[in-house]
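Sequences listed follow chains A and B, in order.
Every letter in the first sequence is one number past the one before it in this note's numbering, and letter 195, counting from 1, is 195.
Every letter in the second sequence is one number past the one before it in this note's numbering, and letter 221, counting from 1, is 1221.
Honestly, the hints are just simulated from the structure, not real lab data.
The structure presented is a predicted model; accordingly, all values stated were derived computationally and were not measured.
Treat the hints with care, as some may be off.
[As the list claims (entries may be wrong)] With a straight-line cut-off of 27 Å between C-alpha atoms, the simulated BS3-like cross-links for lysine-lysine are:
id: 1; chain 1: B; residue 1: Lys1185; chain 2: B; residue 2: Lys1286
id: 2; chain 1: B; residue 1: Lys1314; chain 2: A; residue 2: Lys278
id: 3; chain 1: A; residue 1: Lys269; chain 2: A; residue 2: Lys112
id: 4; chain 1: A; residue 1: Lys165; chain 2: A; residue 2: Lys13
id: 5; chain 1: B; residue 1: Lys1097; chain 2: B; residue 2: Lys1152
id: 6; chain 1: B; residue 1: Lys1314; chain 2: A; residue 2: Lys165
[Stated by the list, open to error] Cβ-Cβ distance ranges computed for the label pairs, FRET-style:
id: 7; chain 1: B; residue 1: Gly1289; chain 2: A; residue 2: Arg162; range: 22 to 32 Å
id: 8; chain 1: B; residue 1: Ala1108; chain 2: A; residue 2: Glu284; range: 51 to 61 Å
id: 9; chain 1: A; residue 1: Pro241; chain 2: B; residue 2: Thr1093; range: 21 to 31 Å
id: 10; chain 1: B; residue 1: Thr1093; chain 2: A; residue 2: Glu284; range: 23 to 33 Å
id: 11; chain 1: B; residue 1: Ala1168; chain 2: A; residue 2: Asp159; range: 31 to 41 Å
id: 12; chain 1: A; residue 1: Ala251; chain 2: B; residue 2: Arg1203; range: 29 to 39 Å
id: 13; chain 1: A; residue 1: Leu250; chain 2: B; residue 2: Pro1146; range: 48 to 58 Å
id: 14; chain 1: B; residue 1: Gly1165; chain 2: A; residue 2: Asp149; range: 34 to 44 Å
id: 15; chain 1: A; residue 1: Pro109; chain 2: B; residue 2: Gly1171; range: 33 to 43 Å
id: 16; chain 1: A; residue 1: Asp149; chain 2: B; residue 2: Glu1200; range: 15 to 25 Å
id: 17; chain 1: A; residue 1: Pro241; chain 2: B; residue 2: Leu1288; range: 46 to 56 Å
id: 18; chain 1: A; residue 1: Pro109; chain 2: B; residue 2: Leu1266; range: 30 to 40 Å
id: 19; chain 1: A; residue 1: Asp159; chain 2: B; residue 2: Val1016; range: 19 to 29 Å
id: 20; chain 1: A; residue 1: Asp159; chain 2: B; residue 2: Glu1144; range: 47 to 57 Å
The C-beta atom is built at its ideal place from N, Cα and C for all residues, glycine as well.
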Amino acid sequence: MAVELGVLFEVFKAATPILLATLGAAVGQRAGVLNLGIEGTVYLSAAVAALLGPPWGLLLAVAVGTLYNLLYYFLANDFALNQVLLGFAFTMVAYGVGSQVAQSRVGVPLQKPALYGPEAFAAAVVLAVVVHVLLRTRLGVAIKASGDDPASLDLMGIDVYRVRKIAGAVEGLLASAAGAYLVLAYYGSWSDQLVMGWGFLAVVTAMIALWRPLLAIAASLVPSTFISLSYTLQRYLQISPHLLNTTPYLASIAVLVILYIAARRGAFKTSAPRWLAKPYIREER
Amino acid sequence: MRLVQRREPYPLGYAVALAGSLATTLAAVLLATNRLDSALAVLAVTDWGFYLRVFAVVGIVAMSGVVSYRAGLWNIGQEGQAVVGALAALASTDPLKALLAGFLIGLAWALPPALLRAFLGVNEAVTTFLLTFVAVYTARYFIEGPLRDPAKRGFVASVEAPHLGLAAAVGALAVVAIGVLVLYKTRRGLYLRLLASGEEVVRYAGASPTVYILLGLALSGALAGLGGAVEISSREAGRYMTLQQVSTGFGLYGISAAWLGGLSPLGALAASAYVAWLYQVGVNLKVLGLPALVANALVGSAMAWGLAGYVLYKYRVVWR
Chain A
1 MAVELGVLFE VFKAATPILL ATLGAAVGQR AGVLNLGIEG TVYLSAAVAA LLGPPWGLLL
61 AVAVGTLYNL LYYFLANDFA LNQVLLGFAF TMVAYGVGSQ VAQSRVGVPL QKPALYGPEA
121 FAAAVVLAVV VHVLLRTRLG VAIKASGDDP ASLDLMGIDV YRVRKIAGAV EGLLASAAGA
181 YLVLAYYGSW SDQLVMGWGF LAVVTAMIAL WRPLLAIAAS LVPSTFISLS YTLQRYLQIS
241 PHLLNTTPYL ASIAVLVILY IAARRGAFKT SAPRWLAKPY IREER
Chain B
1001 MRLVQRREPY PLGYAVALAG SLATTLAAVL LATNRLDSAL AVLAVTDWGF YLRVFAVVGI
1061 VAMSGVVSYR AGLWNIGQEG QAVVGALAAL ASTDPLKALL AGFLIGLAWA LPPALLRAFL
1121 GVNEAVTTFL LTFVAVYTAR YFIEGPLRDP AKRGFVASVE APHLGLAAAV GALAVVAIGV
1181 LVLYKTRRGL YLRLLASGEE VVRYAGASPT VYILLGLALS GALAGLGGAV EISSREAGRY
1241 MTLQQVSTGF GLYGISAAWL GGLSPLGALA ASAYVAWLYQ VGVNLKVLGL PALVANALVG
1301 SAMAWGLAGY VLYKYRVVWR
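Pulled out of the complex, with its shape left as it was, chain A reads as follows (with noise of 0.2 Å):
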């Protein structure tokens, strides 16, 4: 009973990393932007709240990532650079820089946050229903326009690109508080490996969620069950971490293809943005 607990407490306590990071990319995909350069947001917050430690780390860690995932957004918008692409370039400059900031950092214990653990899962959940709320307002309903059909909006008097650039403040805040727990609350020292995946992860687990913040709060169970498991069933299997360590995303891949395979047979409908990835240049319209 009690490794029971253990297992369920270490699975709050990596599913809020993951649950900030996707109610920040269901957010950017909602807005019509797949952004894959929300792994490097996630690694250059980690490493800038690595160096400095809570209080002001986790103050300029947000400050920094949400400036960089700006960054990406004003690059894949306003200049059209390749969405997909550009979050690969991103992420691997974020690696990068990362490494570099944080160097002097590897291996020493930090202090932990206030808050930590099912606390901060809690926390999190309320974040989401802020996020569900906000998707709700006359801002959000513009957010879910620009994914969805960004030349009516425009047509509207709205300027997509600084609806977008809103949209990417807001994914932005939340996956650099996700890398600074991360690294402050979850593992509590730094490493170059060890913050890597996580924002990627969150990009599946918000198509999983359906792009829906309270469908967030169950799909970021999905990956975190597993990266705990396979730090738990280390002890009692005789199955190699290393393959272990490839379940978080498998399983991912395979809840989504489930999903995709429901959606298709008529199960739910798939609120899928029909922008999604697609550049939004305004001549072209």
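Position chain B against the provided structure of chain A, taking the given hints into account.
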């Protein structure tokens, strides 16, 4: 600021991109070294044999990028495909078999995302990149388990790959480049490029988009796998993997070269020469004690410039 479509494409856009990337690299190197003479030393190629080897590998992976992106398919899992390609080379006995195995295993690694995209419409960018992480962990499993070299006591490393000469590595790139050029002259190659204009276009042309989605992604994965096999077996020494050294970064290098080269096979070859030089700069920086990932930042920015080159090729930027 807005983008206005050009009547005529503007090839100089790529020259602007190259200049931008060069300026970024120089600024970053100066910032990292702080001194002019050590900066110049960092920018020099020290070993031309090494440089040519890197050029061959970057070129092959760049062709993988060209095949995919020219078809409007977003395979960004070249890194993972190269890792499993290198694993296949480790398990092979002679260099020719190593290349063939790398090609086939890269193809197999790209097949699930290809099938998911073709039949269910699952975004291939997401699946191919997620499989990169899976590839790295799978490689670590093989290094520790089935492919571990028992002769290296107290040191976890894989068995060695068969040795492939430098001439053979460059020859492999030549074969791949000519192969892609010839493919683009055929009817199948034309359909593959038409796919970028939309699945309906291929259907109106009388071909099945499903077939060409599968073909494009599988071929792209196969070339990346081949690139990984060439990379590990053309090394002068240390043709093995350790737990820490699985990923080589060549996936990123190849993708950047594909975009800087304007997604044309010949342009990508020229850009590979530039990106191989960036790799050398990254190695020189590492010697100075900077983290290995710093080189990624340089190449990542080169890639962003390549994407900008593509936009400048098609559009005029009006600041107003």
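Now for the hints, and whether the structure bears them out:
| no. | hint | in the structure |
| --- | --- | --- |
| 1 | B:Lys1185 <-> B:Lys1286 | violated (42 Å) |
| 2 | B:Lys1314 <-> A:Lys278 | holds (16 Å) |
| 3 | A:Lys269 <-> A:Lys112 | violated (42 Å) |
| 4 | A:Lys165 <-> A:Lys13 | violated (30 Å) |
| 5 | B:Lys1097 <-> B:Lys1152 | holds (24 Å) |
| 6 | B:Lys1314 <-> A:Lys165 | holds (24 Å) |
| 7 | B:Gly1289 <-> A:Arg162: 22 to 32 Å | violated (44 Å) |
| 8 | B:Ala1108 <-> A:Glu284: 51 to 61 Å | violated (39 Å) |
| 9 | A:Pro241 <-> B:Thr1093: 21 to 31 Å | holds (30 Å) |
| 10 | B:Thr1093 <-> A:Glu284: 23 to 33 Å | violated (55 Å) |
| 11 | B:Ala1168 <-> A:Asp159: 31 to 41 Å | violated (56 Å) |
| 12 | A:Ala251 <-> B:Arg1203: 29 to 39 Å | holds (35 Å) |
| 13 | A:Leu250 <-> B:Pro1146: 48 to 58 Å | violated (20 Å) |
| 14 | B:Gly1165 <-> A:Asp149: 34 to 44 Å | violated (57 Å) |
| 15 | A:Pro109 <-> B:Gly1171: 33 to 43 Å | violated (52 Å) |
| 16 | A:Asp149 <-> B:Glu1200: 15 to 25 Å | holds (20 Å) |
| 17 | A:Pro241 <-> B:Leu1288: 46 to 56 Å | violated (34 Å) |
| 18 | A:Pro109 <-> B:Leu1266: 30 to 40 Å | violated (53 Å) |
| 19 | A:Asp159 <-> B:Val1016: 19 to 29 Å | holds (27 Å) |
| 20 | A:Asp159 <-> B:Glu1144: 47 to 57 Å | holds (54 Å) |
The structure fails hints 1, 3, 4, 7, 8, 10, 11, 13, 14, 15, 17 and 18 (numbered hints given earlier, in ascending order).
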